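Novice: Can you make the complete structure from the sequences, with help from the hints?
Read top to bottom, the protein sequences are chains A and B. Residue numbers for the first sequence follow my numbering, beginning at 532 and rising by one. Residue numbers for the second sequence follow my numbering, beginning at 12 and rising by one.
The hints are simulated quantities; they were obtained by calculation from the structure and are not laboratory data. Small disclaimer: the values here were computed from a predicted structure and weren't measured. For every residue, glycine included, the Cβ atom is placed at its ideal position computed from N, Cα and C. Incorrect hints may have been included.
[Claimed, not checked] Label-pair distances were calculated between CB atoms; the ranges are: (1) S101(B) with Q660(A): 40 to 48 Å; (2) E619(A) with K114(B): 48 to 56 Å; (3) K114(B) with S661(A): 40 to 48 Å; (4) S101(B) with S615(A): 43 to 51 Å; (5) P540(A) with M280(B): 54 to 62 Å; (6) R251(B) with S661(A): 23 to 31 Å; (7) Q560(A) with R251(B): 58 to 66 Å; (8) S767(A) with H275(B): 26 to 34 Å; (9) W770(A) with Y56(B): 37 to 45 Å; (10) H275(B) with S661(A): 23 to 31 Å; (11) W45(B) with S847(A): 43 to 51 Å.
Here's the letter readout for the chains.
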Amino acid sequence: MAEVKRQVPLEFEKPLSVLAQQIDNLEAQLQEQPDLEPELRHLKEQYTSLRKSLYSNLRPIDRLAIARHPERPYTRDYFERWDSQWIELHGDRHGTDDSAMVGGLLDLGNDLKVIAVGTQKGRNIKEKQSCNFGMPQPEGYAKALRLFKHAEKFGLPIVTLIDTPGAYPGLAAEEHNQAQAIAINLLELSGLTVPVVAVVTGEGGSGGALAIGVANRILMLEHSVYSVISPEGCASILWRSADKVSDAAQSMKITAREILELGVIDGIITEPLGGAHKDPEATAKAAKAAIVSQLSELVKLSGSEVRHDRQHKFRSMGKWRDQ
Amino acid sequence: MDLKDWFAKRRERRERENLEVKQLLPTEDYCALWKRCFQCRELLYTRDLRSNLQVCPHCQYHFCIGAPDRIEQLCDPGTFEEIDAEMRSSDPLEFIDTESYRKRQVAAEKKSGVVEAIMTGTCKMNGHLTALGVMDFAFFGGSMGSVVGEKVARLVERAIELSCPLIIISSSGGARMQEGILSLMQLAKTSSALKSYYETGNLYISILSEPTFGGVTASFAMLGDIIIAEPGARVGFAGRRVIEQTIRQKLPADFQTAEYLLKHGQVDMVIHRNELKDMLTKLFEFHQKKNSDKDKTLVPSSSLSSSKKAGGK
Chain A
532 MAEVKRQVPL EFEKPLSVLA QQIDNLEAQL QEQPDLEPEL RHLKEQYTSL RKSLYSNLRP
592 IDRLAIARHP ERPYTRDYFE RWDSQWIELH GDRHGTDDSA MVGGLLDLGN DLKVIAVGTQ
652 KGRNIKEKQS CNFGMPQPEG YAKALRLFKH AEKFGLPIVT LIDTPGAYPG LAAEEHNQAQ
712 AIAINLLELS GLTVPVVAVV TGEGGSGGAL AIGVANRILM LEHSVYSVIS PEGCASILWR
772 SADKVSDAAQ SMKITAREIL ELGVIDGIIT EPLGGAHKDP EATAKAAKAA IVSQLSELVK
832 LSGSEVRHDR QHKFRSMGKW RDQ
Chain B
12 MDLKDWFAKR RERRERENLE VKQLLPTEDY CALWKRCFQC RELLYTRDLR SNLQVCPHCQ
72 YHFCIGAPDR IEQLCDPGTF EEIDAEMRSS DPLEFIDTES YRKRQVAAEK KSGVVEAIMT
132 GTCKMNGHLT ALGVMDFAFF GGSMGSVVGE KVARLVERAI ELSCPLIIIS SSGGARMQEG
192 ILSLMQLAKT SSALKSYYET GNLYISILSE PTFGGVTASF AMLGDIIIAE PGARVGFAGR
252 RVIEQTIRQK LPADFQTAEY LLKHGQVDMV IHRNELKDML TKLFEFHQKK NSDKDKTLVP
312 SSSLSSSKKA GGK
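Specialist: Shown next as structure tokens:
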């Protein structure tokens with residue numbers, strides 16, 4: 532039970548953590564009172580079944596909470612687990628190295644050497660501040676673009692990991708043309724002749740996420756979310772109320788399964804019960820396997836086929852009626 | 012009885028007597044005779060304002076204008092041929108907030124007089140064949156959903172097919188929330204279409220008008236070969252309020268205005284609405300391809316360049 536206590540329980544996990552507490556208390560008393568054992572066994576059974584039912588009936592807002600969990604594995608955690616020898620590359624070549632965007636050279640095995648790029652949130656306060664809580668500045672997008680061009684030059688496939696609340700909204704960001712930084716990435720990504728696979732690992736926040744997400748294949752982790760605006764933003768604009776976040780999350784269809792049904796993404800990577808943070812090792816392994824399987828198909832295509840495949844994918848997105 | 016009441020009475024009398032009201036605006040049931048300038052607070056006579064291209068004659072404030080008005084201002088009379096005029100959103104998420112998206116669509120159509128947030132088509136501008144897209148802020152805040160994305164993509168493809176210049180006039184609050192993730196994907200769709208257009212070597216001019224924000228600036232609006240902004244237009248990625256809440260400091264008064272953007276190197280020029288059409292014509296003529304065998308111009312000023320072409324070939 533110790534693993535549950537160590538982690539911060541989310542709002543909907545509270546009944547579970549209360550039960551875990553009781554089990555811990557009983558276990559502590561067990562040595563003095565061996566007759567408590569049947570009760571303990573009963574509680575443990577209850578715990579397991581509650582856990583199962585809780586995680587199989589998650590509302591969109593609960594998934595949002597898991598996607599934003601402070602212990603959820605971040606981009607660097609994946610990179611290190613995929614290739615402990617990975618080589619990080621820095622800087623946009625115009626005076627800035629945005630820590631919210633990390634990238635480098637990774638060897639995924641199976642003869643797959645890739646350029647990997649992703650947004651990074653930062654674990655402790657200091658890291659979070661230097662990463663702007665995972666919100667890249669225009670310079671961060673320029674850094675990503677520079678790495679994409681590197682990949683194009685050397686014919687390396689690209690893997691991107693998306694986990695960001697969005698592009699940073701700030702004075703300097705606007706002055707340095709945040710919008711154009713995103714737009715140019717969309718334009719250039721769509722014209723690349725090397726395969727691109729994007730994985731939404733946590734929050735996929737609007738244009739700031741899409742700026743590294745124009746890929747041949749888009750995958751999402753089971754509890755990750757991807758949306759056009761944060762549910763908080765949507766609630767405050769459409770409902771004019773901060774407590775309608777759950778309704779907004781429900782209406783916008785932000786979860787992996789709903790987005791798969793809309794035909795926007797190509798697959799879902801299953802997470803351990805309770806979320807990626809319960810077992811980062813297994814999550815990283817599953818994500819890598821999914822990426823490798825997609826890439827090994829894509830590398831068989833020619834450069835122009837790869838580009839056409841990507842442009843066609845986005846060209847066919849959207850629903851309307853002609854009458 | 013003040014002046015306003017007098018006009019209201021006169022309008023009532025006319026309606027009673029079934030008299031025809033002159034200068035009926037296309038989007039309104041009746042003709043609003045006076046409009047107050049948002050900037051200098053001057054009362055303006057609607058007919059004067061219209062003939063001055065919806066620019067305040069006193070302070071040069073540029074009013075936000077609808078797509079049909081803009082088309083009338085820019086295109087040679089009768090040359091605009093609309094494409095996909097009847098394309099409407101199909102409400103893919105069956106979205107409901109305080110009211111259903113479908114109901115809101117019907118209300119927006121009635122309010123704005125257009126069926127979607129963009130009108131696209133081909134036209135002649137001082138004789139130059141042009142693919143033109145004009146956004147209308149009155150329809151859902153000019154937001155981009157599946158329909159806007161698809162119409163822009165088709166417009167770009169038409170421009171590729173005709174090998175002609177492309178102009179998109181933006182006025183938008185961003186991506187349309189009611190279509191969720193599909194709206195976001197339109198950013199990629201429009202940018203991807205422009206990537207193919209870029210390679211044809213034709214000119215794309217993006218015109219930013221009051222206001223242009225969010226997903227539209229983060230895609231086609233900021234990808235113009237040449238970007239023109241209208242005076243005073245507010246353009247940016249994040250809204251002023253969001254930025255103030257994030258950085259907790261006061262922003263400069265002219266933050267995100269066209270002039271501010273010009274100062275920070277984000278647009279090529281800020282052009283008065285009166286001079287817009289002339290500037291566009293100049294830009295077309297300057298960028299006309301020398302090896303093009305199709306003569307797309309009818310105006311005499313281009314005869315020089317076409318004779319050069321003939322000599323070169």
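Novice: Going through the numbered hints above, which ones does this structure break? Give me the numbers in ascending order.
Specialist: Hint check: nothing fails, all pass.
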